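Student: Single-letter residue listing:
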Amino acid sequence: MSHENLSELCSIYALGALDGEELREFEAHLKTGCTLCREQIWEYGETVASIPEALPNVSPSQDLKRRIMSQLEQNLANRTVVDFKPATDVRPTKARGWLPWACAVAAGIALTVSLTRVSSLNRGLAEQQQRLNQQLEQLKDLQRLLSDEKEITQFLKKPDARVTPLGGTEKSPQAAGKILWSAQEKKALFFASNLPLLPEGKTYQLWIIANNKPIDAGIFPVDPEGNGFLKVPLLSEADKAQKFAVTLEPAGGVPQPTGDMHLLGSL
Amino acid sequence: MRKVALGDRVAFGHLFDRYSQLALNLATRVLNERQEAEDVVQEVFLQLWRDAASYEQNRGNVSTWIVAIARSRAIDKLRSRRSRRIMDPVGENDETGDLTERLPDPAIRADDLDNQLLVRKAFGSLAVDQRVAIEMAYYEGMSQSEIAEALREPLGTIKTRIRSGLLKLKQALSAGAEN
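The listed protein sequences correspond, in order, to chains A and B. If you use my numbering, the first sequence corresponds to residues 1 to 267, in order. If you use my numbering, the second sequence corresponds to residues 1 to 179, in order.
Simulated from the structure, these hints should not be mistaken for laboratory data. Just so it is clear, the structure is predicted and the values come from calculations on it, not from any experiment. Treat the hints loosely; a few may be bogus.
Unchecked claim - One side only, chain B facing chain A, incomplete, derived with CB under 8 Å: (1) Leu-24; (2) Ala-68; (3) Glu-153.
Claimed, not checked - When the alpha-carbon atoms are kept at most 25 Å apart in a straight line, the in silico BS3-like pairs for lysine-lysine are as follows: (4) B:Lys-121 / A:Lys-186; (5) B:Lys-121 / A:Lys-150; (6) A:Lys-213 / A:Lys-178; (7) A:Lys-140 / B:Lys-170.
Said to hold, decoys possible - Using C-beta positions, here's what the derived DEER-type ranges look like: (8) B:Val-10 / A:Leu-132: 18 to 28 Å; (9) B:Arg-82 / A:Asp-239: 48 to 58 Å; (10) B:Ser-125 / A:Leu-156: 21 to 31 Å; (11) A:Ala-28 / B:Gln-35: 35 to 45 Å; (12) A:Glu-185 / B:Ser-80: 48 to 58 Å.
Ideal Cβ placement from N, Cα and C applies to all residues, glycine included.
Model the full assembly from the supplied sequences, consistent with the hints where possible.
Tutor: Now the structure itself:
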């Protein structure tokens, strides 16, 4: 296989989907030390690692962290301890006078110093990279928050923007919600708080009730505190809205409400 | 990670707060079962606690490392469940349903992805057949040949979908990061 053909396999390899003879041939190629392919695999590896970030959030059990923290002590004894030492033994196997021995010791010391320095530099670089990555993540979160805030502000500036509060029903008396919506633009932003955590295989679904009929406005998850958020890009029949409601429905949502109502608000 | 390697439980707690949601989302998507997904998260973070020192020498991005371990462990459990199902085809272990039920629903996925973060937008920009092939490989742990067989498509078609999909995803993420 030509290098061009092999390099086309980098992305599939990074995804872990390469198999059969192609996998064997590709791995044999990598063992030759091809830096071009290794760089591509690293780049695609970063891309592949970002795939789960597209997933919606799943609410963890409230005691998950406590369970894990309580196990740390038990695992303390098994922690890996790592020493930095030269990968190869530089001592001569048989002494033949002082010169070869001295040269070997000098080379060993030089190698040890170099490796220690390289290890130290690598660790320093890795830490800097890690800090930078963390700061980039924080920046992304802040940018997202800022973008959300801007969107809310813009929304409130619309001449026909309305805010309708939703109150918790007997199923969730502590829950509350608010919907910012524009009948003219048929858009809405919905916020919920203190909703119960979602059971397995369930989702919350927002409904607009117009002409006494419920119309699907979208599904949303909630975080561990029971907070949810939904942007509704096309709020059907918004000019005829009478009420807004939230029900608990099977994952993926349903065309008509079937589950318990948790929030309700009338105009 | 250095503090975690030194046994700092507070630092470990911060790491857990920062990355456990991502690991749980991933494991839940692979296993479609909450308790097993939380077991995976538990295993991943206990491994991180045990191996933090060795991680420091070799890795640059803790998120990538956690995602890789979570995916690997979740797919191992999925395969183990599938083999149990083969051993017990009508037993109580049949909890994943038919494969076709687990394929991503393009309409629902598109709704979820709309107006979301950069990655969600980038992933949502892929053609449905590219997304399906990539998700089958990533979340189901299937190889290119297994995907071709499951979708009854030529192997070359699947390879092209994966390649072009990942290239587009990489470019979209790069472009988004620069903006």
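Student: All hints, please: hold or fail.
Tutor: Each hint tested on the structure:
1. Leu-24: 5 Å, holds
2. Ala-68: The hint holds - Ala-68 of chain B has a Cβ within 8 Å of chain A, the shortest such distance being about 7 Å.
3. Glu-153: Where the cut-off is 8 Å and the nearest Cβ of chain A is about 14 Å from Glu-153 of chain B, the hint is violated.
4. B:Lys-121 / A:Lys-186: Given pair Lys-121 of chain B, Lys-186 of chain A holds - Cα atoms ~22 Å apart, limit 25 Å.
5. B:Lys-121 / A:Lys-150: 19 Å, holds
6. A:Lys-213 / A:Lys-178: 20 Å, holds
7. A:Lys-140 / B:Lys-170: This hinted pair holds, its Cα atoms lying about 18 Å apart.
8. B:Val-10 / A:Leu-132: 18 to 28 Å: 22 Å, holds
9. B:Arg-82 / A:Asp-239: 48 to 58 Å: Distance hint for Arg-82 of chain B, Asp-239 of chain A holds at roughly 51 Å.
10. B:Ser-125 / A:Leu-156: 21 to 31 Å: 30 Å, holds
11. A:Ala-28 / B:Gln-35: 35 to 45 Å: 42 Å, holds
12. A:Glu-185 / B:Ser-80: 48 to 58 Å: Between Glu-185 of chain A and Ser-80 of chain B, where Cβ atoms are some 51 Å apart, the hint holds.
The earlier numbered hint that this structure contradicts is number 3, and it is the only one.
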